[in-house]
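Visitor: The lines below spell out each chain.
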Amino acid sequence: MAVLTTFDFDQMLSNAREAYGEELLRMADDGLDFVFTYSDNVAPSSSAGKLVAKYPERCFNFGIAEPNQVGASCGLALGGEIVYSQVFGPFLSLRAADQIHTDIAYNDVNVRLIGTHAGVTAGGGPTHNCIADLALYRAIPNLTVEVPADAGQCCKIVRQSHSFEGPMIIRIDRGGSPNVYADNNYELVIGKAIETLPGADVTLISAGSSVYWSLMGAKILREKYGISARLIDMHTIKPLDTDMIKKCAGETGAIVTVEEHSINGGLGSAVAEYLMESGFSGRFKRIGLPDEFAVLGETEAVYEYYGMDPKGIAEKVRLLLK
Amino acid sequence: MYKYNIDMDLVRFLEEKALKIRKDLVTFVYRIGMGHLGGELSMVEVAVALYYHYMNYDVMDPKKQDRDRFVLSKGHCSETLYSIFADLGAYTQDYMVEHFEVLDKTKFGMHTNRKYVPQIELSAGSLGHGLSVALGMALAARKQKKGWRTFVMVGDGELNEGSNWEAIMAAAHYRLANLVLIIDKNKLQMTGTTEQVMNIDPLDKKLEAFGWQVKDIDGNNMYSICEALQSLPPADPISRRKPVAIISNTLKGKGVDFMEGNAKWHGGGIAKEQCDEALCCIDDNRKCW
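Those sequence lines, one after another, are chains E and Y.
When you number the first sequence by the working numbering, it's gap-free, plus one each residue, and the end is 322.
When you number the second sequence by the working numbering, it's gap-free, plus one each residue, and the end is 289.
The reader is advised that the hints may include incorrect statements.
As the list claims (entries may be wrong) - Covered stretches of chain E (in silico footprint by chain Y; criterion: 3 or more residues with CB under 8 Å from a CB of chain Y, positions within the stretch not fixed):
{"id": "1", "segment": "55-68"}
{"id": "2", "segment": "78-85"}
{"id": "3", "segment": "103-116"}
To be verified - Derived, one-sided and incomplete: chain Y residues facing chain E with beta-carbon distance under 7 Å:
{"id": "4", "residue": "H129"}
{"id": "5", "residue": "M137"}
{"id": "6", "residue": "L139"}
{"id": "7", "residue": "A170"}
{"id": "8", "residue": "E195"}
Just so you know, the hints here were simulated from the structure itself, not pulled from any lab data.
From the three backbone atoms N, C-alpha and C, an ideal C-beta is built for every residue, glycine too.
Make the full structure from the sequences, and use the hints.
Guide: Laid out in structure tokens, this is it:
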């Protein structure tokens, strides 16, 4: 599936964390039935806060207690509800891992866990970094894992997930990443990656806010080095769209993954596993957070430090193809 | 002495059922070669009282919308429930033995699984989950303005898990009068007494301090159980009242002399001679009750 974007539209800042709340509010206004469970980091002034104010009988605050929140969300679903549950991402994956595994995935309930503050977007250092969640989610059977690239895509996934059968993780960043798509009039299919930018020399496979950084990296590669990089928006980490990977591996011969996660266990690992088993012999590189507790700093500065910013991505790709 | 007028015929009927379930359970565990008889025997009376009288529940129509829910948080005690489901007509013991943990033919497992057994409300096994799930169910009933009630049984050893206390706090915060927590307080966990391993007392005072209404009962005495369940406030989804916790004081391995009060009988199978002896014990002890 191809949904083209360009380098030159006005990539206004988007905010997936606001967008999911706005979409839930619109869905409630449209008459869709669901409940919303949340933790003590939904500000009354946020869009999710407005949902809580307007529909209090279907919104439940669980304070700072992730295991109980996820377990109770399972109970609400077993009681017949479709549940959206917002949790601060690092604490969702690490603190409530057993509840995600057993209550949500094993019990196979219609709960959509919205993990916020992906990667290093929370700021504040390693306690608030969300870098191991995809490794966990990938290893748990029966989870569908969505990582929207921008606010518009987040809205599409949240809306579609209402009629989705089974548990789902929706991983979003803190907010403030630029839009990837100027026009949201494209069809999004859960489980089908999007070819966001055509290219012949190398394929960048990315998800979440890294898609924008990859797009800008591709721009540098094209304008500065004459390298034609294809960009794949792998918004569904699980199940992985291996058909798309196979096609790109065959057509471009070189694959680079870019993600806001540890390089161990996330998108890069998933793609590498598939490529190795499919007999791929081309060039391959994972870009992400290295296996260390990340340095502290502004999010963009941390990206730059680890070469995950557009310049760093372009440089790593150039060296790989050299 | 007793405030509530309990039908003694009902008590006797439930006692007879408990006796049968205890014997079926021991036989079943012998036949499948595994189980957790200590905790499965301690909870028999309460489970019987709920399934045979106090819950609006039909094992032959297990997904009926407005049914009361029973969540077994100590999911390793599944065989007590399976024995009840069988006695109520959903299965035969032979069928359960044939389909117990046999790879892809499995219909029953040591830990509860709601996909295999539709009468099971929650797939459980990892401890400390059931109370959170039950409170979610009670919130669903409130949101839907439905009058069904959620019962959840946890073990006393299980209360070591911190997530229980998150849920105890939240259920009191939401003042869920349609939620009933039953603690099967058999005073033993896997390697010793709860007092030795991780003391949870004074449990009544802790629950009261968290905002619960607490009833302390003899959980192996059917009259005591009936009295507690009969006096529950209406399961009104709207009114906000203290949730009810029933501390069900029981004996681990109840009814089988060589198992009673012995942590060694937490889990495992039993041999033919032990099964025969246990069945004799259960009959003999009947006279004492």
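Visitor: All hints, please: hold or fail.
Guide: Consistency of the hints with the structure:
1. 55-68: With 8 residues close enough to chain Y, the hint holds.
2. 78-85: holds (count 4)
3. 103-116: With 4 residues close enough to chain Y, the hint holds.
4. H129: Because about 6 Å separates Y/H129 from the closest Cβ in chain E, which is inside the 7 Å limit, the hint holds.
5. M137: The hint holds - Y/M137 has a Cβ within 7 Å of chain E, the shortest such distance being about 4 Å.
6. L139: 6 Å, holds
7. A170: Since chain E brings a Cβ to about 6 Å from Y/A170, closer than 7 Å, the hint holds.
8. E195: 26 Å, violated
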